[in-house]
Amino acid sequence: MKAFQYTRATTQQSAIDAIAKPGTKIIAGGTNLIDLMKRGVIAPDKLVDINQLPLNSISVNKLGHLHIGALALNSAVAEANLVKDLQPLLAMALNAGASPQLRNMATVGGNMMQRTRCAYFYDTTMPCNKREPGSGCGAIGGYNRMHAIFGASDKCIAVHPSDMCVALAALDATVTVSGRKGQRLIPFTEFHRLPGEHPEMDNTLAAGELITGISIPNNNFAKNSYYLKIRDRQSYAFALTSVAAALEISNGTIKQSRLAMGGVAHKPWRLFDAEKALIGKPATEESFKQAAEIAMQGAKAYEYNKFKLKLAPATLVEALKHAAGLV
Amino acid sequence: MEDEKDYALPEFDTGEKDNSRRNFLKQSTLLTAIALTPGTAIKAADMRVDEKIAEAFEKMPVKLEVNGVAHNLSVEPRATLLDILREQLDLTGTKKGCDHGQCGACTVHVDGHRVNSCLTLGVMASGKKITTIEGLAKGDELHPMQEAFLKHDGFQCGYCTPGQIMSAVACIREGHANSEMEIREYMSGNICRCGAYPNIVNAIQEVKEGGHAV
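Protein chains in written order, with numbering that gives the first Met the number 0: chain A, 0 to 326; chain B, 0 to 213.
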């Protein structure tokens with residue numbers, strides 16, 4: 000690992016000032032950053048440790064909106080009664096990710112900032128437009144079994160690896176960020192971006208902005224939520240496909256629905272059209288299959304990930320059946 | 000700093016022709032000398048030794064309490080907790096497996112929580128209490144989890160075992176050892192290439208059901 004300077008930020012402002020300088024990175028849990036630095040994928044000159052900032056609270060306001068600080072640990076969020084009671088989908092997604100050890104280190108903000116696990120991004124001897132803009136994409140025409148079927152570009156077909164983010168995208172979460180110009184809110188579905196011409200940019204954070212927390216609006220999904228993750232082994236692996244499904248069901252009829260997929264795109268893939276199609280429909284496998292068909296419109300596979308064209312809709316139907324209590 | 004101008008900088012060969020071990024040793028000794036005389040360090044850039052000087056100066060003080068013993072250390076920011084434990088403190092029970100957070104061989108407890116020490120920077124663990132596999136037994140009396148691993152043959156080659164045991168103890172403390180399924184899920188961060196998983200699960204279940212204090 001290349002040597003770097005290490006400092007601790009004691010105020011939000013000092014962290015923001017520090018990251019405005021090129022070559023400087025924030026470190027929170029470090030579970031992805033240290034890994035990438037060991038492999039030489041990124042080599043910051045300076046790390047600013049923000050763990051002393053008071054950003055790890057989990058709270059609910061009078062309206063029932065859940066707020067989670069950026070430094071709350073993945074394990075702390077997954078185990079918090081507030082989260083399990085109000086937004087069990089988030090707890091399920093968190094527990095589907097990484098390992099207990101990593102969840103004890105990784106933070107909410109860091110989870111959002113983690114990089115793709117595309118093997119070509121990690122292998123510094125391979126071309127990768129995300130790691131080195133303009134060098135090409137090794138995955139297109141390469142071994143692309145883990146890669147995107149939605150929203151990819153001819154520059155990058157990598158997927159976002161997070162489970163937590165899939166649930167947050169489904170639950171209409173908002174990201175709070177702070178920068179030199181003050182605070183702003185970013186809808187979770189607009190936080191991560193599609194690769195387009197600039198796969199080196201994973202998200203819409205401006206330079207020098209710091210994630211301070213996320214909020215999830217109150218909803219009636221707690222009873223009928225499910226996170227289903229399909230992977231090569233039952234635990235501690237990245238998703239081939241995953242689905243966050245949340246339903247509000249009244250007398251067997253779907254009143255509201257929220258759906259997002261993981262393992263299929265450069266960002267958590269929200270399924271707005273499929274959600275709309277479910278409203279007013281009976282909560283049956285038949286309705287779910289129709290929604291899955293809508294969800295898959297526009298999907299495009301590459302040489303080795305064609306199986307996802309079948310696996311993704313099957314995952315969606317299965318997740319909805321679990322959410323609706325049909326299995 | 001002005002008054003330190005007169006310190007003589009020891010002779011230093013910056014040429015790259017001679018990369019012999021002797022030259023390396025000379026340079027290392029010199030670095031120590033320079034590190035002790037800040038005035039000379041300022042001139043180091045002129046001598047094109049700035050990178051080495053930077054390294055010598057960029058060690059940071061770290062306080063670690065490991066298995067109840069306090070240590071005041073000086074480490075580079077890039078040194079992981081795993082490497083500090085093994086190479087500075089000679090606590091080689093904690094194993095380096097993948098070194099990338101994928102195998103769990105390096106699992107230790109930091110302030111009571113199990114973490115991958117290979118992905119933890121030592122500087123970030125400063126002020127914290129670390130427990131390693133060496134800290135579980137009370138003298139000659141093994142921890143109940145260590146006893147159970149022996150009894151159930153919870154290993155073959157033994158390389159993953161320290162991490163497995165640290166994780167297993169945490170798994171019970173966290174309240175995630177209530178069924179075979181739950182144990183398997185919450186032990187998934189520890190890979191055993193010999194495949195001792197059934198025996199590891201048996202060992203954990205016995206400790207859990209035995210109601211031992213862990």
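Be careful, since some hints might not be right.
[Unchecked claim] Short derived list, chain B residues pointing at chain A, Cβ under 7 Å:
hint, residue
1, ARG85
2, GLN87
3, HIS112
4, SER187
Think of the hints as simulated: they come from the structure by calculation, not from any bench.
Here the structure is a predicted model, which means the values were calculated and not measured.
All residues carry an ideal CB built from backbone N, CA and C; glycine is no exception.
Hint-by-hint comparison with the structure:
1. ARG85: Check failed: Cβ of ARG85 of chain B comes no nearer than 16 Å to chain A, outside 7 Å.
2. GLN87: violated (17 Å)
3. HIS112: At about 5 Å, which falls below the 7 Å cut-off, the nearest Cβ of chain A leaves the hint on HIS112 of chain B intact, so it holds.
4. SER187: At about 4 Å, which falls below the 7 Å cut-off, the nearest Cβ of chain A leaves the hint on SER187 of chain B intact, so it holds.
Hints 1 and 2 from the earlier list are contradicted by this structure; the remaining hints agree with it.
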